[in-house]
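Line by line, the protein sequences are chains A and B.
To convert, note that position 397 of the first sequence is 397 in the working numbering; the numbers rise steadily by one, no gaps.
All you need for the working numbering is the position in the second sequence, starting with 1, plus 449.
Treat the hints loosely; a few may be bogus.
As the list claims (entries may be wrong) - List time: in silico DSSO-like cross-link candidates among lysine-lysine, alpha-carbon distance up to 30 Å: (1) K386/A / K600/B; (2) K134/A / K951/B; (3) K689/B / K386/A; (4) K222/A / K942/B; (5) K942/B / K133/A; (6) K131/A / K198/A; (7) K198/A / K134/A; (8) K131/A / K951/B; (9) K134/A / K942/B; (10) K929/B / K940/B; (11) K131/A / K942/B; (12) K264/A / K240/A; (13) K198/A / K942/B; (14) K222/A / K131/A; (15) K929/B / K798/B; (16) K893/B / K843/B; (17) K90/A / K736/B; (18) K591/B / K386/A; (19) K942/B / K223/A; (20) K940/B / K198/A; (21) K689/B / K669/B; (22) K669/B / K694/B; (23) K207/A / K940/B.
As the list claims (entries may be wrong) - What follows is a list of derived Cβ distance ranges for each label pair: (24) Y580/B / V302/A: 53 to 63 Å; (25) V302/A / K782/B: 47 to 57 Å; (26) Y580/B / G67/A: 31 to 41 Å; (27) V302/A / K662/B: 56 to 66 Å; (28) P349/A / E665/B: 35 to 45 Å.
What the hints assert, rightly or not - Far from chain B, by Cβ distances over 12 Å, these chain A residues were calculated: (29) A16; (30) E82; (31) D160; (32) E214; (33) K244; (34) S255.
Worth flagging that the hints you see were computed from the coordinates, not collected in a lab.
Only a predicted model underlies this, so the values are computations on that prediction, with no experimental measurement involved.
Cβ atoms here follow ideal geometry from the backbone N, Cα and C, with glycine treated the same way.
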Amino acid sequence: MVINESLQTTNLISGAIEAPRYSCALAGAYSTAVGIFGVVPILHSGAGCGIGQLFGQFYGGGQNAGGPYGGTSTPCSSLVEEHVIFGGEKKLESLIESTVELVNGELFAVISGCVPSLIGDDVGSVIRRFKEKKPEVPIIHVNTSGFAGTSYEGYEYFFDAIIDQLLEETPKEKGLVNVFGIVPFQHIFWKGEAREIKTLLEKIGLKANLIVGEFDALENLKKIPAAEYNIVLSSWIGHKTAKKLEEKFDTPYISFPGIPIGPKQTSEFLRVIGERLDVSADVIEDLIASEEKRAYRLAEYVGDVLLIARPHPYFAVVSDSDSAVSITKYLANEMGYLPDLVQIADNPPEEARELINEELTNGLETPAWPEIIYEVDAYRIRENLKDRSFMFLLASSLETFISGPEFNAIHLTVSFPSYDRIILERSYAGFSGGLTLMEDVMSKYAGPL
Amino acid sequence: MSGTELTENELIEERIDLSRATCPNREQRANGINVWYGKASDLAKEARSGCLRQRERNFQQSSGCVLNFYLSVRIGTIRDAVAIYHAPVGCSSAALGYRELYRHVPVELGRPANYDLHWITTNLGERDVVYGAGEKLREAIKEAERRYNPKAIFVLTSCTSGIIGEDIEGVVSQVQPEIKATIVPIHCEGSRSKLVQTGYDAFWHAVLKYLVKKPEKKQKDLVNVASMLSYTWQDRLEIKRLLGKVGLRVNFVPEFASVEQFEQLSEAAVTAPLCPTYTDYLARGLKQEYGVPYFLYPSPMGVAHTDEWLREIGRHTGKEREIEALIKEEHEKWLPKLKAIRQEFENFKGNGEKVEVLGALGQGRLLAQVPYFDELGLKSSAAMCQDFDNLILKDLEKLIAQMGDFDILVNTFQAAEQTHITNQRNPDIAMTCPFQGGAFKRDKGVTRVHALRSDAHPWSAQSGYTGAIAFGNFLLQSLKSHSYQRTMLEKTKSTYRDWWYKQPNSLYYLEAED
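In isolation and in its complexed conformation, chain B is listed as follows (with noise of 0.2 Å):
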């Protein structure tokens, strides 16, 4: 290892500063990167030693932005809140969906039976681009309560607002004195960052600062987990049937809950993760305002990850010995179902070889991804992740020195390096996310990283026990038919042109350093 090592405090701004309008972008508080390519452990290295920096590439494909990869699907799912885009029409587009989601989630599985979402655009013209739209703004908060009379009304600055110079405090502090509902700014222009995370950290950071209350009592019994979009229904069903086993309740935050879950974040006994780089700068922030303790690793994935998951809330809760006879009790279920998983996968081939994996999303599935394969006896000697900061760095070295070192490739949604290295690697499943253009036309196995929020089909969990059995058989019925990908890969024309699969290189059009 070259140079000297960067201690925690040096690799992450570990504060939170409630008194400024927004968190810092990734890059700053964890020196976050979406480009690189090589070993994991030469990863780990440089970002222990502070050589880790962010490169440019000469290609680049859409790959989302602060507002328009996360935020712009999500906060409109909170339930008695209104969502103010103050952008361009276009901005919220992707929105349009709000009348539906978890309309399909059977009410007999406990979603609400009556809900009503909402967003507002501000709809930013060219008048507006050159005298500002800040009565605009103000106009649409009033009318959002006029016409919902919500608890919170969160406001989304985008690329336009912020380069034209909105004063969003200013109009905020004016206008909340004549509205009941909180208004809450978040600052997620999509210029901001070129990493897609500082949009969690900032919606975090606004819901920290002007929704979570003092805690009026502590609720001994409560944990907060942060639920993202790639998480089901039933990983949530799940989650809330294991811990209600031992007499807890789940808080699940943000997606389709109620401001008064926000509220009251900060009388949980402890908050857990799903996807730790996600969750981060919650954790923290209520650890550091409310004395809320936390923990980031591991998250419920796989039999092993979901032991440790339960054990780290049973140490939190006073719950140790029932989570010990919860784990047991569970075991005696479903470690028969994974050793059949499990033997199935290795009679695969056929000639002892391991059935080989692509994988990863975020840089937190990456954590939970590998060891659960590991469990299920898959080999993923490669892995995507969309990008990585220090924030999982101990965990990453933790992960190495557990299963061994593979090779990382980290981008955002780039189809192109995607469809390379799945076409280099070769792998017998490819798991797409569903956003990641060419690379699912192959002759082998492809399959999805994950479901969406409302599918409520037990066949598509992957949270705790049940998710790791389900998630399991779901990969086993991947390696059954190829015949999709197979015909777009001979009948469609490859959006790449054919050199680019003879070169070795999937981070080809990395700029070179000056």
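Bound-form chain A, shown alone (with noise of 0.2 Å):
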């Protein structure tokens, strides 16, 4: 296969790519750990795998620093010549034996990268090693690699370890959800959304596990299992981990095709939920009123911004599977924007795409549906925004600088990478997340009327 091969047609693209929008399967893992908060990754790899996805997930990511555990602070075997030739297990062992002993945290994820993966280094059997001398410590291996996959599938890899490795048969605890699909700094919002969707579910009387941008890792992580359903927000990642759950825990699991956005995908979400989890219908539609009143009437305040400057615009999207949709029904449902392009990077897996190309068509109040490509490479994708009518391009950083002299269109970097923006707690989920969009998307013009 080679770099020319159409990207469409394959759920596994083998070729070159220029830049794509996300990095490895070691890189999705690490990501996954350091956006669990307390729990300590062991990177067994070369010194540069850490620092490498500083700048490639978490500056990428919202340009977020590392924090206490990733980055520069990340333990790390820094595999050399002679760990190829002799082996990487003896370093590895002293250095789980020093970050133990060292570093504050509550659950140790080795990682492996390509080169114990490439000599072989039996990782399993150090983890053993240790795990007899000082039972007391969780600690688990992401047995992974930098050529094993993506960012995403580095997700879950890590939830996959998780299971097997630290995961017992708890008892089940009426309306305790877990959430999964949120990808640390590959979803650059993943902090904010986080918090928005716990919030929710917890105003239905849910208990919800969000487990990433949590604190209480370990404690979070081990009541997985009690939970009464498993909630995807994707169209794709997190479902491996979901079906895995359900197979060894009987846990069922719902899926929704992204993070709701505004109070009609907000108002479904929530309504899906509720059935699904047997809430009462007053509290679902009692919270949906309130808040609804609430969202439409600041949306009042947009009008004329909206409706004087720049209405009914064409639009274009770039970004993953799971943002590409939300935001684009949004647009298209709550703003009146008409959708032109959808350039969806992340390379779903075939089974998501119907889904997807469903939300991106008949889930639009628009008879003017987008055009939906599929493309990971950054050449393409630029080549794929010319000449086309959209005013506003959603996308990432990549197109900041290119948006307004070759599309003639006002750039908003709403996906990865996000080095022009920096996401700390800000997202577009939930009833006002939407009112946070428009903000966000109008301010890119906004000026005296």
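Combine the two chains into a complex, taking the hints into account.
Structure representation (structure tokens):
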């Protein structure tokens, strides 16, 4: 398979790619570990993997520093030539021991990179020996590598290791739900999204275990099997994890094509959840009524800038599939914008594409259906943006400086990479998230009317 | 001093062998190490006698590799080129900012209005690891040419391409006849060396071997300056301004340079350093292959070193008189300002004590910064540097003779060690590189060691005379609020357990010698 082969027909992209909007499986597992507050990642890899992902995931995912355990704070076995020849197991063994001694943390996650995978280090036995010595220290091994997939697959690898190595059968807890599908840093609004979803679910009386973006890492992870239901907020990411939990702990799951943005999507989300989890319809409808009332009252205030300056413009999106669906639906169904082109850059598997396509056509309150292109290559994404009608481009910071000169479009970074927007707790999730999205879009052109 | 002293040619492998695919590692070329803590004078003695050797740590943190510290965020800035990473997809994700780099520099400050940067990953997967991926690399090279018609295509290797034994040279020589661009393979497997500086040499080796052309004519007014990412746009402007005043032009490579600028390196009158050990391999290679003279010390940081730097250039370009006139003119303008800054530092503590600063980053910056701090009236009784090798030994000895002894912690971004030494020394100003982990959480001054390349604000300059003044004022400013770092110290949990700060040794995890 070569570079100019169509990417739309296959799920496995094996050709060369210009600047794909994700990193490797190690990076995804590492980002997930860093995104669960209290997990200490230990990289069993070359010395550059942590710093590389500081730039390539944490800075890229909303210009965030590494925090207490990411970037240069991450313990790393720093493998070089001599380990390629003699193995890196001994190095890892002493690294694990010193890390546990030195670093404050709740759960230690050894993440293997390319080098140990290629040289055949038996990391499992290193961990087993350590566990025999110190059974009280929670530790797992995420057996992955850089060439084993993308950041998104790395997220699944992380939870796969959690399920196999940490979780035990636990009695179900009424009203407890886990939420999967939000990938730290790849989904640049992950912290705010997790918090908003938690709040929403709590408002209808559920106990939500978001795991990412939350403290008490070990406790939260351990209670995964106790959940009554798993909620997956993605058309494809987190599905493997949810299926495995269903097989192993008999937890059913329900999935949504993305994070709900604005009142329409959020109401639908809550109604479906309410039905599945047996929440009283009154509770759900009361919440929807009061939240909607406020969201739409405030939405009246954008009326003039929306209708006088840029009414019903065409727009294009370049993003991961989950953000693409939610953002397109919000702009089309609540702002009156017209979708021109949606490019999906996270390479979802074939079975997810059907749902994504359905959401981006029949799910829209406009006959102007967008062209949908699955594309990961930055050159072709750019080519595909040429000679279109769109006036707004909701994409990544790769488009920040080309959007105006090349496409005459107003640009907003809403997806990875986001080097030009610092994202701490902002998100577009929930009833008022749509307002935030409108603020961000319209602030790009607002001026005296 | 114990044992025998090694002579210069025993200390450094001076000859550059361009018939080879790549350079020797810094470990071999100049006995480089990145683990050491103690008196600078002892470090120099050990190095001089040949006893200095790399030791192991039992605790290590991610610190960058030959590819991913420097090359992955740099090669992609070469303007009419394409960088191809022959690697799994994650090795190049650090380069994802490529379309934004330098865009914030106003065109009025000399940035070209139109340029476009490019990189491609061969996206090595499980199948490639088993069957090899030469064909993919070949196709990627062809696609790069088809898309962008570049003047050069850089091929960067990775741990994976190295371990599976990809024949890079074979692919390159096979495909080159079909390709107009010059293909430049850079051997930067992360696993090849413990020292990130090996990446510098590997890059320059490839530049010397493939890109630099035989001189068509000598350009007597052209000065090569290898500019790193830690030097800003304003630093370039200052260097251009100074050399422009005496009728000299500057050839800044490699960041954001055109391929033609690399081709012309052989025609310059002299190669001058910003950072000596960064420039070393290039400078030696240009001298050896094309007779371009060079000097490696000093760098243009601080007034006295800028004077000397200019004089060296003057000697190589026949501009001694003009340079002296320039220095005089500049001194009249800047020395009073320097004096004012010095005074403010002197008065800061109110008890006659000097303001103490803990700084440095690369070994080159160490040589430049310590005397500059002295010029500002600051005290630096300890310093950190990423690595140490014999390339700077002579200059380190000179520095100790001039400044007196000081403590030195050699480590490449070891955040726990850096947090520890910062805590122990408790300087008034701790200069932190952006990636130094929790070292910034403290109750005293914290600021950055340097800004990054596309920072075009005059406030961020460090080079030359304007930089000496700007950075002095910048450091003064850093003393005026501690609120962010203090709040973080109070309100967030430390990454490390309490015992770490209570024991005295920053290199606690140094492995015992056999």
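Which constraints among the numbered hints does this structure fail? Numbers only, ascending.
Of the numbered hints given earlier, those the structure breaks are 3, 6, 7, 16, 17, 28, 29 and 30, listed in rising order.
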